[in-house]
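Numbers in my numbering are just positions in the sequence shown, counted from 1, shifted up by 803.
No wet-lab data here; the hints were simulated from the structure. Think of the CB as a built atom: it goes at the ideal place given N, C-alpha and C, for glycine as much as any other residue. Hints may contain errors.
As the list claims (entries may be wrong) - Here are the simulated DSBU-like cross-link-like pairs (lysine-lysine), alpha carbons at most 30 Å apart as the crow flies:
hint: 1; residue 1: K1192; residue 2: K1121
hint: 2; residue 1: K958; residue 2: K1053
hint: 3; residue 1: K1013; residue 2: K1216
hint: 4; residue 1: K957; residue 2: K807
hint: 5; residue 1: K957; residue 2: K1121
hint: 6; residue 1: K1267; residue 2: K1244
hint: 7; residue 1: K805; residue 2: K957
Claimed, not checked - Computed spacing ranges between beta-carbons, pair by pair:
hint: 8; residue 1: S828; residue 2: S1234; range: 46 to 52 Å
hint: 9; residue 1: T1009; residue 2: T1168; range: 33 to 39 Å
hint: 10; residue 1: E1177; residue 2: R1023; range: 49 to 55 Å
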Amino acid sequence: MKIKLLGLSDLLTPTVNRFTQYQISEWLSISEPFLVFVGTNDEILCFVRRFVRSYTLPCVVYPSLSLSAIWPDLLNELRANQLFSCYLYLNSFVGLERNLLQFAALMSSADKIITNSYFSCRSVQSILQSFTDIRIAVDPVRIPIPYFDICHRKKYVTVFSRPTRHKLIHSVIEACALLDFQDFTLIIGLLNDDSEESTLYSLYLTCLAKELNVPCRILRNCPPNDVNYFLQNSYVNVCLSATFEETQGKILIEAAANNCLPIANQWNGFPEFIVDHQFLVPTEYTISDGIYVSSPHLSQAIWRAINLFYTEPAIYHKLCQSIHDHYNLNTERETPDLDSILTHYQIADYPFYCQLFSHGSIEITLLDQIDYRELPLCNIELYLYLRIKYNAASVCDSQFSMDYSWLTRHANKPYSWSLLLESIAWDCLTSTKWKPDDLDKIVSFVQSSGFYQPWVGTITSLIKL
804 MKIKLLGLSD
814 LLTPTVNRFT
824 QYQISEWLSI
834 SEPFLVFVGT
844 NDEILCFVRR
854 FVRSYTLPCV
864 VYPSLSLSAI
874 WPDLLNELRA
884 NQLFSCYLYL
894 NSFVGLERNL
904 LQFAALMSSA
914 DKIITNSYFS
924 CRSVQSILQS
934 FTDIRIAVDP
944 VRIPIPYFDI
954 CHRKKYVTVF
964 SRPTRHKLIH
974 SVIEACALLD
984 FQDFTLIIGL
994 LNDDSEESTL
1004 YSLYLTCLAK
1014 ELNVPCRILR
1024 NCPPNDVNYF
1034 LQNSYVNVCL
1044 SATFEETQGK
1054 ILIEAAANNC
1064 LPIANQWNGF
1074 PEFIVDHQFL
1084 VPTEYTISDG
1094 IYVSSPHLSQ
1104 AIWRAINLFY
1114 TEPAIYHKLC
1124 QSIHDHYNLN
1134 TERETPDLDS
1144 ILTHYQIADY
1154 PFYCQLFSHG
1164 SIEITLLDQI
1174 DYRELPLCNI
1184 ELYLYLRIKY
1194 NAASVCDSQF
1204 SMDYSWLTRH
1214 ANKPYSWSLL
1224 LESIAWDCLT
1234 STKWKPDDLD
1244 KIVSFVQSSG
1254 FYQPWVGTIT
1264 SLIKL
């Protein structure tokens, strides 16, 4: 018996729903009985408590990442029945280090931590290095190959992603604008996300495609059959990332299963699956732009894939098949040596994860040499990281004045404001080390922009300006 436990928030997460569909399909294919339970943390614990005490056959429980706060409680409940075990499937571990340590300390010999790539497996092992007997396995959920005709003509370049700047979708548009080959349409499939940041980023993508004259269709929440259709008719699927929230995008494997060659950047678990490195684009970094991918490099990789499809279709298909089979058969490949990075693992910070996820190609070593007056030049992640350091050291007389400078300098990218606005709101509630005049300038600027008006309403209701 398999039991999948989902939090209420998971129902609003298309990637979780998609992964759950694959997991259920796999259980159906082997005639494995299963049950999916969705509820609040308290409802889930209550259900598990009752089920554990009444079920008399072996059972494996799969809690989602959204339930990380109750992982230890779940393990304690499962200990009441020796026939029960818990398999924690991780497609992300950053920010969950403490939860993982608590989970590992309570694991029985029947429990497992399962990852979807050897990169994430080794990274998780480094977090749990003091638990020498912890069972961590790489066991990807199987992704079947749908029916398709490998000989038909293609007409798309595709991206399927959450609408966030961390997915570098704008780089795909910029790369497509550099292609001499014009016989394609760029399909950008965006998953559901109603946050203002995502709405603003989606608008930015629409404007950028129009400005660069890239033939583009932006679709939202494509059902699985439509995703398969577009992939089967695509020369390439581009999967870029600058996020620490996941360790291997399954769209790579879905594309390969549909005979669509995936292109990715050198990031997290991607290098394990992109077998021909001419389709693996370098990940680069500047203090102002943060993590990015060079548009010329990406454009060249897309063109190589299109050219391969026309000139050597058998090799093109073989590459796709190899990526899919490697994932489904779970065969380990040689990956860049991470030992020198992971040896010094701790509850890590932004520079550490830049180095780890780029496999050592990004090292931010000169942060202490950045003068606080240069902070408005920094990308938002680096700015927030240094903002905390300078605040702790009381280097800057007026942090909110610096925040105002950063916002005005980045006025053309409002989709990048949200993290800073959240930090400002938190500081307003927990600290008195700021001047009302500085906050008033920020509120007035955001209000005049027309963006993040709920934030403006919240701040002005809490603080009299």
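We went through each hint and held it up to the structure:
1. K1192 with K1121: Cα-Cα ~50 Å, so violated.
2. K958 with K1053: holds, 22 Å
3. K1013 with K1216: holds, 17 Å
4. K957 with K807: violated, 38 Å
5. K957 with K1121: holds, 17 Å
6. K1267 with K1244: Distance of about 13 Å is within 30 Å: holds.
7. K805 with K957: Roughly 40 Å between the alpha carbons, so the hint for K805 and K957 is violated.
8. S828 with S1234: 46 to 52 Å: holds, 50 Å
9. T1009 with T1168: 33 to 39 Å: Given range 33 to 39 Å: holds, Cβ gap about 38 Å.
10. E1177 with R1023: 49 to 55 Å: violated, 39 Å
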